[in-house]
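There are 2 protein chains.
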Amino acid sequence: MAGIAHVVSLRHLLVLSLALNVSLILRDINQNEKHQSGAPMAVHKGTKASQLRFLSFPSESAAAHETNPSVDEHGGQRVINLDHGDPTMYEQYWKAMGDKTTIVIPGWQSMSYFSAGKNLCWFLEPELATQIVRLHKVAGNAVTEGRHIVVGTGSSQLFLAALYALSPQDSSNPISVVSTAPYYSSYPLMTDCVKSGLHKWAGDAKQFDKDEPYIELVTSPNNPDGFIRHSVVNRTGGILIHDLAYYWPQYTPISAPSDYDLTMFTVSKSTGHAGTRIGWALVKDVEVAKRMVKFIELNTIGVSKDSQLRAAKVLEVVSDSSEQAGGSEYPESFFHFSHALMTERWRLLREAVKDSGLFSLPKFSPAHCSFFDNNLGTQPAFSWLRCDGDDVDDCESFFRGHKILVRGGKHFGVSPKYVRVSMLDREETYNLFIERLSQISS
Amino acid sequence: MAGIAHVVSLRHLLVLSLALNVSLILRDINQNEKHQSGAPMAVHKGTKASQLRFLSFPSESAAAHETNPSVDEHGGQRVINLDHGDPTMYEQYWKAMGDKTTIVIPGWQSMSYFSAGKNLCWFLEPELATQIVRLHKVAGNAVTEGRHIVVGTGSSQLFLAALYALSPQDSSNPISVVSTAPYYSSYPLMTDCVKSGLHKWAGDAKQFDKDEPYIELVTSPNNPDGFIRHSVVNRTGGILIHDLAYYWPQYTPISAPSDYDLTMFTVSKSTGHAGTRIGWALVKDVEVAKRMVKFIELNTIGVSKDSQLRAAKVLEVVSDSSEQAGGSEYPESFFHFSHALMTERWRLLREAVKDSGLFSLPKFSPAHCSFFDNNLGTQPAFSWLRCDGDDVDDCESFFRGHKILVRGGKHFGVSPKYVRVSMLDREETYNLFIERLSQISS
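Chains as they are written, first to last, in the working numbering: chain L, 2 to 443; chain F, 2 to 443.
Next comes chain L alone, as it looks inside the complex (with noise of 0.2 Å):
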């Protein structure tokens, strides 16, 4: 794998962009398709965080603030949403990648319940299943031989079922669940949903002291603080799951592959298609496999056939990106192009902080990535803010205040000092992010 710092040239990807611009635009010319609803092509616009990069195209919301974006319609000032972690980011690769990813469903295909094959996930997609295989292969972060894949609608369906496998089914009382403090917010709403009698939420798991079995939630990197993590509690009877789904080269450097007992990823974070609902877990049991396919059966009768035909497409040619970067058909992987983002917008947020003195953010050790071999810092799709004023107790409240939406600490467990803001947004929106914070500091 070629080193990141020698892909970057100004000239090579310029006459990639104005290449695939004019490939784009003869495609919409001559197949005169109809856009559906979302971004529609429009003209290009150059902004600071890309002008090395790939031509941006401005979102369908940008064309509805022409003249300014950071005013609403009006002409009060606009409100940041930074509040989900939407990777509307990564348009803009998939749209330089014209066709590549284009996907055409006849009417008259997946119309069953089942997919083909004899896999023991029977609505798993068989092509989605090669290329899941594959693309892990290139990235170098997990194993996946002796492993069983469970598809699911998105990661936080994979999280239900792997709740309800490793469940006790005959206890009188519910397992503990357990994750540590900052946690993802959603999983005490997600486990005490509906109030199981399978499983109850039990809180930060470095408090947790019961001498009973329990299920921890390994989130690494962390969301919402991007540190890798690890198992704390370390007792008998303790179920462990892994939720990997920030373990990805742009993110974080990839020290080895991932080698647990159940493994989950989305593609709402690896490649930006949240919009599909599309996740996977690496289960080494087959007994436990075959009750989150159970699990997936009675919620919602498997998963979407198109969507996993779609990300199907999207991990092959994330994989055919890395494996031919430098190519004529990829001058630059996926990858390559997301990490070079990454970085900028963390340079970026770390100037506005330095300057501000008002915030403090966490801080990454350089690690070495088998992916980029390379020795990289670690740039996660969240930042976790802290407001360090004496006076600021309320740091989302603080934020709102500036009409930026942000995530408050006590949903993560932990003190609303801190807040977690979105680092996926499209490139408009993250620059008026930086603008403001800026604004708020001087």
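No lab work stands behind these hints: they were computed from the structure. Misleading hints may appear alongside valid ones.
If chains are identical, the list can't say which one is meant, so a pair holds when it fits in one copy or spans any two.
No more than 30 Å apart at the CA atoms, straight line, and that leaves these computed lysine-lysine pairs for BS3-like [what the hints assert, rightly or not]:
#1 K291 <-> K364
#2 K404 <-> K295
#3 K355 <-> K138
#4 K285 <-> K411
#5 K295 <-> K411
Using the hints, position chain F against chain L.
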């Protein structure tokens, strides 16, 4: 709406069918389209039940048994699986429709978690909402005015969302969930899947005599037996969920637009697209709708955009085909086609059952159908067979002995003398079933 008797014209349909085939093949050659898993385009092979209708395309499984579809790969009698209601029968229509419902999704489209528009259901694609409203108007089977549309990953997820939304949140005891037997076999399993503290399965509605709040599921036409259903408990504190998955013109006369508090539909059974996993609920109470949305948010963070776009396109063509039936674009509407096919299948079944003297079937009275503007019979998506012989206690095992997989009465809360048989499989499977049923009788 023209009467169904006027529609079937052999010459008309053959001309249409051949024209469509030529166009399909040309499209195929032109586009050099790579067919993904599923049913590849194949040569024409007429069979009895379809000879008056669209040319039939044998499925992939048929191709695997080129010489004799009734034998398995070892030369033994092939197992016929009619346990699930897999609606592959409809592939025939959608193949004949060519590229009318083909969708093209560029790699950068629908990446966000969010759908456009200001809908209460933030993950509902506006175009799907439009086509749902339109199709209900065309079919005349549901009032949509004053309703919120909630989209789900099939109607299974909507059922769970409805239970969550309608169960009291502050009660110390779970609310009872009942349905008149025979009831859909998945209801008890889904209701109690994670031993919820919000709701619990309480069995046959006819037996429910507790003086406490309850949720009654009304499936009409009913799965498994096809009868029109109304609520039976009728006590204070009762909450109704109407599952109208089969309330479409091909299965039952449409007497009037349904007009309930909470009604569920699904593409699986209306258009046959089970693999897309799209259902919708029409919900009167805004707070109930909001809670259903909350459930789906915690369960799967929304619903696949790709499948919603596909479902929107399919519903659009179903409406178009009804409104333009008899024209050059749509010589026959989707509902006419599928109604005629179901009529033929039920005729063959009743004939075989009558000849055998071993089984009995439900009897339905003809009723006026507003869609076809005609007095018509009922032809459910499942047949509900009774093994009449005194020596047959377990009808499911009896059929299994003849290598026919069906679902026994005990799953539906009634006697094992009954079985449910899917009427929606591909033609070759259905014909094989009728053939084998006739052999049992002799």
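Intra- versus inter-copy proximity for K364 and K291 (alpha-carbon distance at most 30 Å): For K291 and K364, the Cα distance exceeds 30 Å both inside one copy (41 Å) and across copies (40 Å).
Within, between, both or neither, where K355 and K138 count as close if Cα-Cα is 30 Å or less: Classified as neither; 38 Å inside a copy, 60 Å across copies.
Copy assignment of K295 with K411, given that the CA separation must stay at most 30 Å: between (34 Å within a copy, 20 Å between copies)
Alpha-carbon proximity between K285 and K411, which holds within one copy, between copies, both or neither at 30 Å: neither (34 Å within a copy, 34 Å between copies)
Alpha-carbon proximity between K404 and K295, which holds within one copy, between copies, both or neither at 30 Å: Only across copies: K404 and K295 sit 25 Å apart there, 44 Å inside one copy, limit 30 Å.
In this structure, the hints that do not hold are numbers 1, 3 and 4, in rising order.
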